[in-house]
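Chains as they are written, first to last, in this note's numbering: chain A, 205 to 371; chain B, 205 to 371.
Not one of these hints is a red herring.
All copies of an identical chain are treated as equivalent in the list; a pair is satisfied when it fits inside any one copy or across any two copies.
Simulated pairs of lysine-lysine, DSBU-like, Cα-Cα distance not exceeding 30 Å: (1) K342 to K303; (2) K278 to K342; (3) K319 to K278; (4) K303 to K331; (5) K342 to K360.
Just so you know, these hints were derived from the structure itself, not from any lab.
Number of protein chains: 2
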Amino acid sequence: MPRLQNSNSNKLDSIEHQMVNIFVDGARILGLPPSIGEIYGLLFISPTPLALDDFVERLGISKGSVSQGLRMLKGLRAVREVESASDRRTYYEPAIELKRLAGGFIREQVRPHFKSAETRIRDLAEKAQEIDDPESRKFLRARIERIDTWRRSTTKLLPILQKLLGQ
Amino acid sequence: MPRLQNSNSNKLDSIEHQMVNIFVDGARILGLPPSIGEIYGLLFISPTPLALDDFVERLGISKGSVSQGLRMLKGLRAVREVESASDRRTYYEPAIELKRLAGGFIREQVRPHFKSAETRIRDLAEKAQEIDDPESRKFLRARIERIDTWRRSTTKLLPILQKLLGQ
DNA sequence: CGGTTTGTTCAAACAAATTTGAACAATAAT
DNA sequence: ATTATTGTTCAAATTTGTTTGAACAAACCG
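Modelling step: build the complete structure from the supplied sequences, incorporating the hints.
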């Protein structure tokens, strides 16, 4: 049976909706699922902490999505749990400092890739030594060296980046 | 009818394969399709420029994929056309300077998002003025201001980033 | 010309990522 | 103890993104 809704409960109002969309776009840039953007976005404009059911109701997405989304956002240090003595539920607050958000993203999403790239490049360099033709070997070595230079430059840049986002 | 293959033609050898995989991973980090990584990766370890059919044969992917992939890579300035007087086909060479690659990616994939975000944040700021409750209005304005600060910081960072990748 | 080569386009097929929802565990309330 | 509440898990369903391949256009060749 459909029930009446007041203007603030079940349907996102226009501003909330626009804000959430901006974050969905932001998530897309970062290669994160839309639900992550929705959840963080709603939290970002909420004047009070929110619990799982609030996201389900106001975003109209499943409990499962919200649970997984919050887990990922916790991993990214983009949300924090807030304890509330009076309530069994876990409430969440957004982290809103760009530096911290960038730090979490770099740690969780960027560094692991670079770490695995390091290994794979080393493997490749070894294999390249076994090549017979000196011409080919030289060329390949130069290319592998090039990628590794990229990797090093970029890795060194990450902390600088985070620092520059500090203010 | 299956035909015999020599060891350099149809099947990627082990090193080529490993190198291509590294680039497929790289593409994933950047949110680009695997085929883009394959194409650029193969080109990166090729001592000579390659034409469309070379990619089709050596990567075993369709002509359509290669055509679209090369178009995107051209847009990103990650590959360059090389003219060859003796041949009708268009050959490609990779751009291998990190600075240039980063520049292309920023221009094509990052800036457009920021540009559209700018508009959407402005719209949002206008809408926020129409809110009646002064408390809510104040809070929302602060949040919108916060996002816009993020946007400005990040936008200002892009050229610096590119510069720092210069060596 | 008519045939061949080269490359593009785009709807359909396919693959991968995301979301759902029902089953479940854990804890609290009665 | 029994029921209600809160949150998790994960296989299946759905959605989204990627690749394919056949049809086509353009340029060249004999």
